[in-house]
Amino acid sequence: MDIVTCIKRVPDTSDADIIIDASQREIEGDTLAFKINDWDEYALETAVQLKETLGGSLTAVTVGPKEWDDVLRRALAMGADKAIRVDEDMITADSYMVAGILESLLRSLSYDLVLFGAQSEDFGSGQLGIMVAEMLGVPHVSLVVSLQVQDGIARVKRELEAGALESYTIELPAVLTVQTGINRPRYISLSGIKRAMTKELQVLSLSGLSLSQEMLAPMVRLERLETPPTGKKAEFISGSPEESAEQLAKILQNSGVF
Amino acid sequence: MMTLTEYRYSDVVHRCFRCGYCKFPVNWIDVNNCPAYARYRMESYSTGGRLWLIRAWLNDEINWTEHFAEIVYACVSCKNCVEKCPLRFNIDIVNMIVAAKSEMVERGLVPSTVKEFLENVQRQGNPYGSSRARRGEWSQGTGVEQYQGQEFLYYVGCVGSYDTRARQTAKTLASLLHKAGLSFGVLGKEENCDGNEVKNLGELTLFEMLAEDNITQFKALGVNKIVTLSPHSYNAMKNDYPDYGGDFYVYHYTQLVQQLIGDGKLDISGGFNARVVYHDPCFLGRWNEEYDSPRRILKAIPGIELVEMERNKAGALCCGGGGGNFYADFLSGSENSPARRRVREARATGANILAVACPNCMTMLEDAVKAEDLEDKLAVRDLSEIVAEACGTE
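Quick mapping for you: the protein sequence lines, in order, are chains W and L. According to this note's numbering, the stretch in the first sequence is residues 1 to 258, in order. According to this note's numbering, the stretch in the second sequence is residues 1001 to 1394, in order.
FYI, nobody ran anything at the bench for these hints, they're computed from the structure. It should be emphasised that the depicted structure is a prediction, and the values quoted were computed from it without experimental measurement. C-beta: ideal position from N, C-alpha, C; glycine also. Be aware that a few hints might be false.
Unchecked claim - The calculated lysine-lysine pairs, modelled on DSS-like cross-linking and capped at a C-alpha distance of 25 Å, are:
1. LYS232(W) to LYS250(W)
2. LYS1115(L) to LYS51(W)
3. LYS1299(L) to LYS1313(L)
4. LYS1189(L) to LYS35(W)
5. LYS1115(L) to LYS35(W)
Claimed, not checked - From the derived model, a few chain W residues whose C-beta atoms are all more than 10 Å from chain L:
6. ASP17
7. LYS51
8. GLU103
9. ARG107
10. SER142
11. GLU159
12. SER189
13. GLY192
14. GLU235
When you get a sec, could you build the whole thing from the sequences and use the hints?
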């Protein structure tokens, strides 16, 4: 069974000051640390576990500049056999353009299953996997929380609102977008990353892919990034715990909460 | 399953016959001196039990499970077992457990909090996952200088740099060193994790990278003497860094402060009126046999009545925060948690101040004081804070 997992590099913004740069379309990356998009790590773990049980190959793919090699190295350390980076700085790209690039790449690869994270931590549009599936003309299921593969058939469950689950049986090849919580992604040790340096990491240029000019024009253009305006109603309570508790109680009382 | 050739201690691990001595302190007064055993009261959580489980894993008699990993990771590297084990292999007991953790790290099979800890260090250079850019924030408004060839590098460490309570200690120590006229500087946001916990969590390659990066940085800056806030940093820099070419004069701050008091550089005549009990941090005590400097400081301060817990020095009960457990947290949630046992023991001495010399112990024991509802009876204070008060700087 041959699996391709498409991954993205995102900034770790859990405790960082997000500064929008002068172009107003990007955030300043100098002080940020970067990582594999959370959802993609679950997709990778899903793929590695499938490969461990069923055999076959696992290829990790990304579309991005040279710095993005680090997430591919981590994917290789996790268990991917090979990695491919399409060398393209995606600043102006939208999901449609990236999907077109991936479609073109995937047509040149052999696959039974293509896995995506359900969405990205940074832009979070959740479109990419589904667009690629439609372009390739293969079935897809989004928000997958459970997956079993046997004899060319995938049995999947996808997550709905309020914890409800939907079950599907689909024929491979197929595209799935994976929800967090489907498994527990393994720890990627530093020695694992070092060992993975010997695995193949192929870099392709856009010109090496058969893409029409129309595919290389974004359908959606990011106009401006902005941080939400500071709320006017924020109030800081100061003083000892007893004093602050009293003040808070008064505020809650006056606002009619209790 | 793991193959015998991969495990460094496969020729000795079977020698533990589970006599159970590893659960006791040096003076035998309590069976609960292994922090994990004290918390769970099950043989598998004692060092002997852990070694037997590791051996069973080596021999393919048990499979890796999340629970097995938690039992192995519940070892906080306090070294109590090393003190008590009657066998000649005792010096390697903690190493045997760390080697098993290391095997789990290599397979990616670690408990989720350990995974978070190590990923955060890989990415941000600290276990909390806080931004590297915030590492120097603790020193804002203190006038502490960036290190640029001063006599001492003041290495603060992750807990002192990020934990709200420990940040106060980091500040207090800085003001104390300043008052003593010591020439020192800090690395601020250029400081990186010392790696002591990373090593004890079994991520040996990451530890090597941290050690090598820190040594390269220290050498490039011309660092010769280092004073650390944390005994954990002290241990790594003093005992492990020389293996990577890092030969620096390393002091835990209690050693330096004791000297500064002796030299008359710190005037402690203001005194500190309290009955004080001192808790030995494992990485200062058992790991480095430094039991005297902190006690000398306390004895020198007018007004202090220094008392001892029954379990002290080499027999001290660990707070449970070592080996990364202040974050990974396998021992909390019970009145049997080592930190809670320890504050009850401290209170039983009649002391109203529990003195610590480690930011990890500070956070663990202060939380335990709250959990035990002892806040009006027992206050946890860092030695630097007690000295600062005696000097009138706080």
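Quick rundown of the hints versus the structure:
1. The suggested pairing of LYS232(W) with LYS250(W) holds, with an alpha-carbon distance near 19 Å, which does not exceed 25 Å.
2. With a CA separation close to 22 Å, the supplied pair LYS1115(L) and LYS51(W) stays within the 25 Å bound.
3. The suggested pairing of LYS1299(L) with LYS1313(L) holds, with an alpha-carbon distance near 16 Å, which does not exceed 25 Å.
4. With a C-alpha separation of about 20 Å, the suggested pairing of LYS1189(L) with LYS35(W) holds against the 25 Å cut-off.
5. Only pairs whose Cα atoms come within 25 Å are accepted, and LYS1115(L) paired with LYS35(W) is accepted, the gap being roughly 14 Å.
6. For ASP17(W), the condition that its CB be more than 10 Å from all CB atoms of chain L is violated, with the nearest at approximately 7 Å.
7. The beta carbon of LYS51(W) is kept farther than 10 Å from every beta carbon of chain L, the shortest such distance being approximately 14 Å.
8. Against chain L, the non-interface label of GLU103(W) holds: every CB pair exceeds 10 Å, the least being about 32 Å.
9. Here ARG107(W) stays apart from chain L, with its beta-carbon at least about 32 Å from theirs, past the 10 Å limit.
10. No beta-carbon of chain L is positioned within 10 Å of the beta-carbon of SER142(W); the least distance is around 25 Å.
11. Every CB of chain L lies more than 10 Å from the CB of GLU159(W), the least distance being 20 Å, so the non-interface label holds.
12. With 10 Å as the threshold on Cβ separation, the claim that SER189(W) sits away from chain L is violated: the shortest Cβ distance comes to roughly 5 Å.
13. Residue-level check failed: GLY192(W) sits 7 Å from the nearest beta carbon of chain L, not beyond 10 Å.
14. Every CB of chain L lies more than 10 Å from the CB of GLU235(W), the least distance being 22 Å, so the non-interface label holds.
Figure legend: structure checked against the earlier numbered hints; hints not met, in rising order: 6, 12, 13.
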